[in-house]
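Chemist: As a plain string of letters, each chain reads:
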Amino acid sequence: MRRGMACLGLALCLLLAGCAREARPQRRQAVWLDVFDTVTVLTAYTATEEEFARLSEEVHGELLACHRLFDIYNEYEGLNNLHTVNGSAGIAPVRTDARVLDMLEEARAMHDATGGRVNVAMGAVLALWHEARAVAGEDPEHARPPEAAALAEAAAHTDISGVLLDRGAGTVFLADPAMRLDVGAIGKGWAVRSVCERLRGEGVTGVCLSAGGNIATIGARGDGSPWRVAVENPFGGDYAAVLAIGDLAAVTSGSYERFFTVDGVRYHHIIDPETLYPSDRWVSVTVLAEDSALADALSTALFNMDGAEALALAEGMEGVEALLIRPDGTSVETAGFAAFRQGG
Amino acid sequence: MAKRNDALLAAALLLAALLLWGAARLRPGSAAALDVTVTVDGGEAARLPLAEDARLEIVNARGGVNVLVVEGGAARVVGADCPNQVCVRSRPISQEGELIVCLPHGVVIAIERHEGGR
Chain X
1 MRRGMACLGL
11 ALCLLLAGCA
21 REARPQRRQA
31 VWLDVFDTVT
41 VLTAYTATEE
51 EFARLSEEVH
61 GELLACHRLF
71 DIYNEYEGLN
81 NLHTVNGSAG
91 IAPVRTDARV
101 LDMLEEARAM
111 HDATGGRVNV
121 AMGAVLALWH
131 EARAVAGEDP
141 EHARPPEAAA
151 LAEAAAHTDI
161 SGVLLDRGAG
171 TVFLADPAMR
181 LDVGAIGKGW
191 AVRSVCERLR
201 GEGVTGVCLS
211 AGGNIATIGA
221 RGDGSPWRVA
231 VENPFGGDYA
241 AVLAIGDLAA
251 VTSGSYERFF
261 TVDGVRYHHI
271 IDPETLYPSD
281 RWVSVTVLAE
291 DSALADALST
301 ALFNMDGAEA
311 LALAEGMEGV
321 EALLIRPDGT
331 SVETAGFAAF
341 RQGG
Chain W
345 MAKRNDALLA
355 AALLLAALLL
365 WGAARLRPGS
375 AAALDVTVTV
385 DGGEAARLPL
395 AEDARLEIVN
405 ARGGVNVLVV
415 EGGAARVVGA
425 DCPNQVCVRS
435 RPISQEGELI
445 VCLPHGVVIA
455 IERHEGGR
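Chains X and W, in that order, give the protein sequences.
Each residue of the first sequence is one higher than the last, beginning at 1 in my numbering.
Each residue of the second sequence is one higher than the last, beginning at 345 in my numbering.
Watch out, some of these pointers could steer you wrong.
Cβ-to-Cβ under 8 Å is the rule here; a few derived chain W residues that face chain X [unchecked claim]:
#1 R433
#2 G441
#3 A454
Away from chain W, derived, C-beta distances all over 10 Å, residues of chain X [unchecked claim]:
#4 R95
#5 L128
#6 A220
#7 A338
#8 A339
The set of hints was computed from the structure by calculation and includes no laboratory data.
In this text, a Cβ means the ideal position worked out from N, Cα and C, and glycines have one as well.
One chain only, chain W, in its complex shape (with noise of 0.2 Å):
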């Protein structure tokens, strides 16, 4: 008897563990939580994982390029060939809800919760 409740005590704390851990692994606000989105002339050219380093060139229907790097949970815009460069000179952004707009080229690079996961 004694042994099956010491059992169930261990499955349900591990349970509990594995749910705290999984909670804050997908707490809001963390790297591991959310996306960077491309969207180009209205439409999702891109979703990449935040918490992942990568380097993408975006080029618009007219040619129009913009090069966006995730790093160290941070998106940016290294360059681009829009005349006002507004989308080279913005911060970095890692927060949901954050932008970077290239409005020349039609670019908007959010940062949103991964799809699905609610």
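Next up, chain X with everything else stripped away, as it sits in the complex (with noise of 0.2 Å):
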């Protein structure tokens, strides 16, 4: 009698053991479309569903804030944001959230670190970029790079000094009229970090955000294990890396998405500055950094770079590392960013 008793409890055992999995915390994710023109993806352990929920709002919601604000393609009811500065070139301060100011700040201190290597002042050579592809995607027929001579004047509008902040007025004024913004450069960066920074001033933790490339996580995984962070190979097969990062970001930049073709010529979306043409000595450039904006600047601003000098500037910065493929399959990376990759 007591061994049959003890029988069905262990079964009893058993099945609770089953049931109590439930309490720990269980890996959920939401996927958005509607920030940034790219995927951007939430990971997080939270032990309830309503927990997530609540966690998914406050990310989604601050994403499309700053997604609003940096949007230089549409206007947003009582917003002014970048597409309300560059319509005013030429004629007016905009008063605008400080979230721009602050991100603006940033971006011209990351211009003038990298040699003007990233500009978010090149918006209107980027325009041209940006509809030449879209009448690729619409007409493949009739696809053709912008002209030479309409991308030089373009050019003639791009120096960053003429973006004016005032501080204590809350305004951005391009003096230039044809000077344009564009901030996709550091825009997805920057609004993950700020993100991030809510998160951790709320104590939450076990949180991977991926925002088309550009990732930043807090804390471990449920099991305490730290996030691994893939690289892609632009050449399909394997991934070119895969990551352990503790609390770092990881950012990174290709030309293999994003392009159009005319006459199997590829034009990809990452244009140099120098050339005002898509920058050809690299197909993916991955930055860690602890600062995710820093990290997506710097990504665009070394594509733009040769070998050696995005070696020596990568390496001159504290806390910072870089994987740069080249075309050819090969690659350079910095001597720290070995010691990030997981065996396989």
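Two chains, two frames, some hints: make the complex.
Modeler: Structure follows, in structure tokens:
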């Protein structure tokens, strides 16, 4: 009789052990396609679905706010954003959100730190490429790169010192009527950092946020293991790298997803400020840094530099590592990059 | 008395065995525990068991087409009429959390746990 009861007890324990699993934080995921014209994924370990829903809403809300402020294609009711600033070029300063001024100030610092290889004042040049890419998408028969003369003329209006920020008044003014801002090189990274700062401040942990190749993590996964971040292989096949990055940000800029083709020639979206054409030295650049806005801007800047200059700059920056992959499949990386690779 | 104890023992062992078998079957990560979900323009359009082979043509509101194949416990996009073909070049997915996305078409294909199993 007692043996029977013991066995029933054992069976009951097994059943309960299965149920106890439910109390541990579970991995949950949300995907958004409506911010920064890219794929954004939030992965987090939360005990309940409700907790994740709240987290999700907060993250999406802040991303959407940044997306709207940095948007150069659309206006939003009651909001002065970069589209507004661009529209007021040569006319008047525009009063806008502090986030815009903060971001532009950092963008200018990154411009200066990289010898101008990342430049948010290059909007007039980038607009020609955006338009060419749009035409190519809708009407492939008539796809063409922008005219060289048009690019040269646009390039005359890209001096970042013409972006006038007035902290006291909270305004942005483009003195040159033909100047345009385009913050594609830093906007995502800045927004991701903004979200993570907020979450950290609230004591949130167990989060991985990826906005179109801009990845930042807070804490570890549910079982205490580090988040594993994969760097895509531009040529297909095994990942170029799998990294355990702790609380660092990892940003990859690549030329292999956003492009258009004319007569067999591929034109991607990272435009070299010097040549005014897509950079051809690299197909993928990954930057690791604590600051995801810095990593984002730097990944674009390094894309526009040759190997020696890129490595010298990255090695010279505290806490920064980089991996650069060439079109022929060879790569270079900073000395400290390998330490972040996971075995296999 | 002895026969009743044996019957109880047998019943308990059978129950334990059933529980272990069930737990192994639904163990996180096995194809039997996972679904392939298809979201189009923010709405869930389909949910298929990962363990069953299937072919699905996904068409969005603007007529954009992606063809999804589930085979051998993995999902992949075998064809699409989007301009950049990132979805077609993406590697097959089979683990919880993995995604294939067609941004131009607003399509997200994901591997998720069965609903309601928690």
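Chemist: Which of the numbered hints are not met once you compare them with the structure shown?
Modeler: Hint check: nothing fails, all pass.
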